[in-house]
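Number of protein chains: 2
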Amino acid sequence: MAAAPRLIDTDLHNDLAGPRELLPFLPKEWHQQWLEQGIGVGGKSWSAVGYIRKDVKPEKGGYPGSDPEFVLKDHMDRYGFDYAILTGNASMIGISLNYDPDYANAVASAHNDWQNEVWLKASPRYKGSILINHADPDAAVREIERLAGHPDIVQVMMCSASRTLFGQRFYHPIYEAAERHGLPVAIHPGNEGLGPTYPPTPSGYPTRYMEWQNIIPINYMSQVNSLVCEGVFEKFPKLKFVAIEGGISWLPHLMWRMDKNYKALRDTVPWLKKLPSEYIKEHVLLTTQPIEEPTQPQHLVDIINMCGAEDMVMFSSDYPHWDFDNPKMALASFPRELREKIAAKTAMDVYGLKEVVEGAGIGGVAG
Amino acid sequence: MAAAPRLIDTDLHNDLAGPRELLPFLPKEWHQQWLEQGIGVGGKSWSAVGYIRKDVKPEKGGYPGSDPEFVLKDHMDRYGFDYAILTGNASMIGISLNYDPDYANAVASAHNDWQNEVWLKASPRYKGSILINHADPDAAVREIERLAGHPDIVQVMMCSASRTLFGQRFYHPIYEAAERHGLPVAIHPGNEGLGPTYPPTPSGYPTRYMEWQNIIPINYMSQVNSLVCEGVFEKFPKLKFVAIEGGISWLPHLMWRMDKNYKALRDTVPWLKKLPSEYIKEHVLLTTQPIEEPTQPQHLVDIINMCGAEDMVMFSSDYPHWDFDNPKMALASFPRELREKIAAKTAMDVYGLKEVVEGAGIGGVAG
Numbered sequence: 001m002a003a004a005p006r007l008i009d010t011d012l013h014n015d016l017a018g019p020r021e022l023l024p025f026l027p028k029e030w031h032q033q034w035l036e037q038g039i040g041v042g043g044k045s046w047s048a049v050g051y052i053r054k055d056v057k058p059e060k061g062g063y064p065g066s067d068p069e070f071v072l073k074d075h076m077d078r079y080g081f082d083y084a085i086l087t088g089n090a091s092m093i094g095i096s097l098n099y100d101p102d103y104a105n106a107v108a109s110a111h112n113d114w115q116n117e118v119w120l121k122a123s124p125r126y127k128g129s130i131l132i133n134h135a136d137p138d139a140a141v142r143e144i145e146r147l148a149g150h151p152d153i154v155q156v157m158m159c160s161a162s163r164t165l166f167g168q169r170f171y172h173p174i175y176e177a178a179e180r181h182g183l184p185v186a187i188h189p190g191n192e193g194l195g196p197t198y199p200p201t202p203s204g205y206p207t208r209y210m211e212w213q214n215i216i217p218i219n220y221m222s223q224v225n226s227l228v229c230e231g232v233f234e235k236f237p238k239l240k241f242v243a244i245e246g247g248i249s250w251l252p253h254l255m256w257r258m259d260k261n262y263k264a265l266r267d268t269v270p271w272l273k274k275l276p277s278e279y280i281k282e283h284v285l286l287t288t289q290p291i292e293e294p295t296q297p298q299h300l301v302d303i304i305n306m307c308g309a310e311d312m313v314m315f316s317s318d319y320p321h322w323d324f325d326n327p328k329m330a331l332a333s334f335p336r337e338l339r340e341k342i343a344a345k346t347a348m349d350v351y352g353l354k355e356v357v358e359g360a361g362i363g364g365v366a367g
Numbered sequence: 001m002a003a004a005p006r007l008i009d010t011d012l013h014n015d016l017a018g019p020r021e022l023l024p025f026l027p028k029e030w031h032q033q034w035l036e037q038g039i040g041v042g043g044k045s046w047s048a049v050g051y052i053r054k055d056v057k058p059e060k061g062g063y064p065g066s067d068p069e070f071v072l073k074d075h076m077d078r079y080g081f082d083y084a085i086l087t088g089n090a091s092m093i094g095i096s097l098n099y100d101p102d103y104a105n106a107v108a109s110a111h112n113d114w115q116n117e118v119w120l121k122a123s124p125r126y127k128g129s130i131l132i133n134h135a136d137p138d139a140a141v142r143e144i145e146r147l148a149g150h151p152d153i154v155q156v157m158m159c160s161a162s163r164t165l166f167g168q169r170f171y172h173p174i175y176e177a178a179e180r181h182g183l184p185v186a187i188h189p190g191n192e193g194l195g196p197t198y199p200p201t202p203s204g205y206p207t208r209y210m211e212w213q214n215i216i217p218i219n220y221m222s223q224v225n226s227l228v229c230e231g232v233f234e235k236f237p238k239l240k241f242v243a244i245e246g247g248i249s250w251l252p253h254l255m256w257r258m259d260k261n262y263k264a265l266r267d268t269v270p271w272l273k274k275l276p277s278e279y280i281k282e283h284v285l286l287t288t289q290p291i292e293e294p295t296q297p298q299h300l301v302d303i304i305n306m307c308g309a310e311d312m313v314m315f316s317s318d319y320p321h322w323d324f325d326n327p328k329m330a331l332a333s334f335p336r337e338l339r340e341k342i343a344a345k346t347a348m349d350v351y352g353l354k355e356v357v358e359g360a361g362i363g364g365v366a367g
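Keeping their order, the protein sequence lines are chains A and B. What the first sequence shows, in full-length UniProt numbering, is residues 1 to 367, in sequence order. What the second sequence shows, in full-length UniProt numbering, is residues 1 to 367, in sequence order.
Keep in mind that the hints were calculated from the coordinates and are not lab data. Some hints could be false.
Same chains, same names: a pair is fine if it fits in one copy or spans any two.
Derived DSS-like pairs (lysine-lysine); straight-line CA-CA distance at most 25 Å [stated by the list, open to error]: (1) Lys263 - Lys328; (2) Lys328 - Lys260; (3) Lys54 - Lys260; (4) Lys54 - Lys263; (5) Lys281 - Lys238.
Just need the whole structure built from these sequences, with the hints factored in.
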């Protein structure tokens, strides 16, 4: 009898062994640009020194996270993940910030074909994302249509940084397509303040990496606020929005402030039919990594409980990045019922992962 | 025997009865510009319709908040405030965002002289702020030197929106002067996204007032993050920083994220000697209005307790703005010891208000 998954990683960065690995999937006219400029998104000042874990280099060489077989052994089996949602190279996720939409569309499509060929065929435990260029919604919709039928594709993914807040009408065709195909739309950080976006804070540019990294979640709050206020979840009532790697414990503040203002100002947003916090609870998912670590771990549980976020949070590891979370440590402090939801149950529902596939590891953490 | 204050309002917007009231305090060469353009800071798209309470118009006419005697009766006596910290016209606070530093400096000085003449002389229960133009730190320092000796001046004040994050070295002369005179530096919101600042979110411009108002606190998080990461509180160990009207319950998230990153990345901020959250607890004050209102009021108390913020929070009313908080309602849910700190004790320490002055009302809420 098939068992239900017990541990799912919702943020595994599968990567290219090197830039040339993308070439078979990229039209020839873009090869030189790709090899010389990569994603070509300006601004790298806040990159951490030592961004990638040094202890997870594939045995046969290449970049950490670039060998599907090694990742199965080094990550999936080691920690007992039944499934992992692939999120690709963290820089490539930011392709939406390239100034040229044609190049961005081509790189996104190449990424997706490479993922499907090299990773989704390597193991049924890997599930894929459709990387889109959110700056060209028509092209993004075509990419969703092209790949949504793939049996191992489970979400649409785009970078969290943008020139226009995600609630605005410009993006609605993307949500329409994602909702129609039953795919959640996920955002991933790391490009805040780069390319043609605005500074990472309303008062300008942080100086060092730590300061920039600390403050990334304010962009997540801004995007969630925009999605709710613009009525996206009334217009697309089945849409799920996955906020990867953007923090959790800002939820009470945002929910309470939005709900209070809604009570006074709801005549200015007449398309909203219920409290903003209700839309957030029903439509927004958050991933755990980097897990917040109060001195008393119970405080994070309290935060989740006080805003009714028990069904909003999914485990993620961020393998192979420096701030990787080990599920055995990150999940240890949650009470059993909540831990099981975070470890796998919520992700099962969001991504439609009903059963453990043959050969999958045993979810050793949530059991 | 003199009694200790029992209720202090840390955000009372005293206002001009009209623009002409400033003229006696403003050099003649700026009169026409002031009468024609006011503060002259571009961008007003997110202003609320009905921003000022309609029920608090002075009996003798003029703008709400413009009559010191009426405010004593209508606000101070009605709710039993022993003292109020004056914060002036909310738009004028944004004078730092005028493109012309000479005009901004002149308007700030005129504001301060008007406050001292019209308001501080009207009652010893009013305590004043030195409004500065933070975009010209040398001039701001001169203004602090000019007025810090006034016995009823208790803080330096500037708008929270800025072109450069407040931790950066550009602003350090302001902090040096404020610390030397024992004056806290306060910031006040309302100008996020206006004039020469950046958009109010890292991903651009909100559409409507509610969305903009919801998200203002992200700028506060950014400024506090910058102040701590840049080592301002190591360099100025007696400096207090008052974050007016920027929310409270984002503290756990910001503290936990900063502390976690500090543990991994402290070699990049070697000037920090302790956890970021410790600097926040020792140096940052927050005001209550608009008080966050979870369905279960105990949750806000829990948030304050879980991040050790019991001595960080001070009551404020925001009189006469639309989102005014009545202290009888806003303070009702706090347990006694915490309520007394929020109502008056913390503000007494921060602003050096030791005794109730003769004729002051009786703090009816905290008793």
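Going through the hints against the structure:
| no. | hint | verdict |
| --- | --- | --- |
| 1 | Lys263 - Lys328 | between (42 Å within a copy, 20 Å between copies) |
| 2 | Lys328 - Lys260 | between (38 Å within a copy, 18 Å between copies) |
| 3 | Lys54 - Lys260 | between (47 Å within a copy, 20 Å between copies) |
| 4 | Lys54 - Lys263 | between (51 Å within a copy, 19 Å between copies) |
| 5 | Lys281 - Lys238 | within (13 Å within a copy, 42 Å between copies) |
Taken one by one, the earlier hints all hold for this structure without exception.
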